[in-house]
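Visitor: Here is what each chain is made of, one letter per residue.
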Amino acid sequence: MRWLSRYSKGLADVLALLIVIAVIALGGLALAAPAEPSPWRPLAKDGVHDPRSPAIGLLQEPAEALAPLPRDSAGNNVHWIRALETGAINPRSQLRPETTVRLLDQDIIIAKFGSMPAVKFPHRQHTLWLDCSNCHEKLFKSKIGANTFRMSAILNGEQCGLCHGAVAFPLTECNRCHSVSNDSLKRRPRAAP
Amino acid sequence: MISLPWRALLLAALWLLGCALPPGAAAEYGDVVLNQRSDANGVRPVVFPHWFHRIRFRCKVCHQELGFEMRAGANQVQMADILDGKFCGMCHNNQIAWGPERCDLCHSALKGTPPGIVGGAQTSGPGKW
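Just so you know, the protein sequences line up as chains P and E, in that order. According to this note's numbering, the first sequence is numbered sequentially starting from 1. According to this note's numbering, the second sequence is numbered sequentially starting from 1001.
Looking at chain E on its own, in the form it has when it is part of the complex:
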């Protein structure tokens, strides 16, 4: 059994660690990790940053014109479709944004990162994800 002062020290150290860490769980609010197939195919999972895209496009462009369902995990995004100009390939075609041959720019997450919304600020995101 640890004596009381040492337990207090442990608690104080944890508290200090908590203060030192920046706010937020991880990543940026609204980031989506796509990893339904990446790990299995030996490439890094994809990080989709909502914050970056919404500066340039309104939600409706991808979620209406491009047909992305609003529920993370509901979209079966395959590289073949992107190469055909669907989903991400509508812009990632070397005209509006970088082309699909630049694998590493999208496939940039740590291997083994589970798919879904990450970085859900104070609420830690909805329980459903």
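Looking at chain P on its own, in the form it has when it is part of the complex:
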């Protein structure tokens, strides 16, 4: 009977191999399918909302709100600045009439001349959303050169990482911040702020 058990084991292995080939073929077909799934999960299936909560069906679904907005490839899959600038959204800047809405159009170049391109920090895009006090003086000092930036801290949710990687575009998008070639700066070591 030993030959039979050996034979059946061999048969089982062949069967498993055939299933592997079928699975890979099916997977390939599924990947090649042109229909792109929505990048936004329904609330009931997002792993956070309770599918039995009475809120499901009343709360707005991400796909309904976000699909019409300018697309991005990371985060919410929405290019939020473009959404503001094109007028796709027009969020309020204040609730109280006495609040001063502060805007600043000024770029800061942070150059360490390492292997990565230098960082351009645009105040304009940030102050469209935020107030000065959200970053200054606790998170960053207002004086040029007074802040020491570290990617390790940022990746750990400090400094820029307080928002980038949590609510603003994620830290996978290196080149959006590291956007200024060092060569273009070496001729002008301190770019005009």
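It cannot be assumed that every hint is accurate.
Per the computed footprint, the stretches of chain P lying under chain E, defined by three or more beta-carbons under 8 Å from a beta-carbon of chain E, are [claimed, not checked]: (1) 54-60; (2) 95-108; (3) 158-171.
To be clear about the criterion: a stretch of chain E counts as covered by chain P if any three or more of its residues have a C-beta under 8 Å from a C-beta of chain P, and this derived list gives those stretches [said to hold, decoys possible]: (4) 1003-1009; (5) 1057-1064.
Sample of chain E residues with no beta-carbon within 10 Å of chain P, all distances over it, derived [said to hold, decoys possible]: (6) D1039; (7) A1040; (8) N1041; (9) V1077; (10) A1080; (11) D1081; (12) G1099; (13) H1107.
Honestly, the hints are just simulated from the structure, not real lab data. C-beta: ideal position from N, C-alpha, C; glycine also.
Starting from the known structure of chain P, fit chain E onto it as the hints suggest.
Guide: Below, chain E without anything else, positioned relative to chain P:
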């Protein structure tokens, strides 16, 4: 010990499962779960969707005018304050948005969901949360 073809089958099944799942960890990028007190008080934890609110309000409205600290977990949001018109209660007052008596609309998370930022896209969010 599983034979090689069966191990391959297992791996292929896992790979297919990975392909079938939608991208992203869970929830929507920037969602915050508030659960410092909810579970203990027998209500569902709160889901705060940044994506929904930023369509209607700029960050500065809540993080400057309303006084929400930008660090998740740094805000002690109590229902008594909301009823007094502070924090969420600045808008959730039946004038700008639904009022605080509609508990279920905010308290909508699965019980036992830990507090913090969820849905951190490709980076899985900062390590600090």
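Visitor: In terms of beta carbon proximity below 8 Å, does the segment 158-171 of chain P have 3 or more residues touching chain E?
Guide: Result for this restraint: holds, n = 9.
Visitor: For A1040 (chain E), is the shortest beta carbon distance to chain P beyond 10 Å?
Guide: holds (17 Å)
Visitor: Examine the segment 54-60 of chain P for residues whose CB is less than 8 Å from any CB of chain E, and state whether their number is three or more.
Guide: holds (count 6)
Visitor: Taking beta carbons only, do three or more residues of the segment 95-108 of chain P come closer than 8 Å to chain E?
Guide: holds (count 4)
Visitor: V1077 (chain E): least C-beta distance to chain P exceeds 10 Å?
Guide: Answer for V1077 (chain E): holds, closest chain P Cβ roughly 17 Å.
Visitor: Do three or more residues from the segment 1003-1009 of chain E put their C-beta atoms closer than 8 Å to C-beta atoms of chain P?
Guide: The restraint on the segment 1003-1009 of chain E holds, since 6 of its residues have a Cβ under 8 Å from chain P and three suffice.
Visitor: Determine whether the non-interface label on H1107 (chain E) survives the test: each CB of chain P must be over 10 Å from its CB.
Guide: violated (8 Å)
Visitor: Take a quick look at A1080 (chain E) and tell me if its Cβ sits farther than 10 Å from every Cβ on chain P, holds or violated.
Guide: holds (21 Å)
Visitor: Checking C-beta pairs, does the segment 1057-1064 of chain E have three or more residues closer than 8 Å to chain P?
Guide: holds (count 7)
Visitor: A cut-off of 10 Å on Cβ-Cβ distance, and N1041 (chain E) was said to be off the interface with chain P. Does that hold?
Guide: About 16 Å separates N1041 (chain E) from the closest Cβ of chain P, which puts it past 10 Å; holds.
Visitor: Does D1039 (chain E) really sit off the interface, with its C-beta more than 10 Å from all C-beta atoms of chain P?
Guide: holds (12 Å)
Visitor: Does G1099 (chain E) clear chain P by more than 10 Å, comparing its Cβ with all Cβ atoms of that chain?
Guide: Its Cβ never comes within 10 Å of chain P, the nearest being 14 Å, so this holds.
In summary, the one numbered hint that this structure violates is 13.
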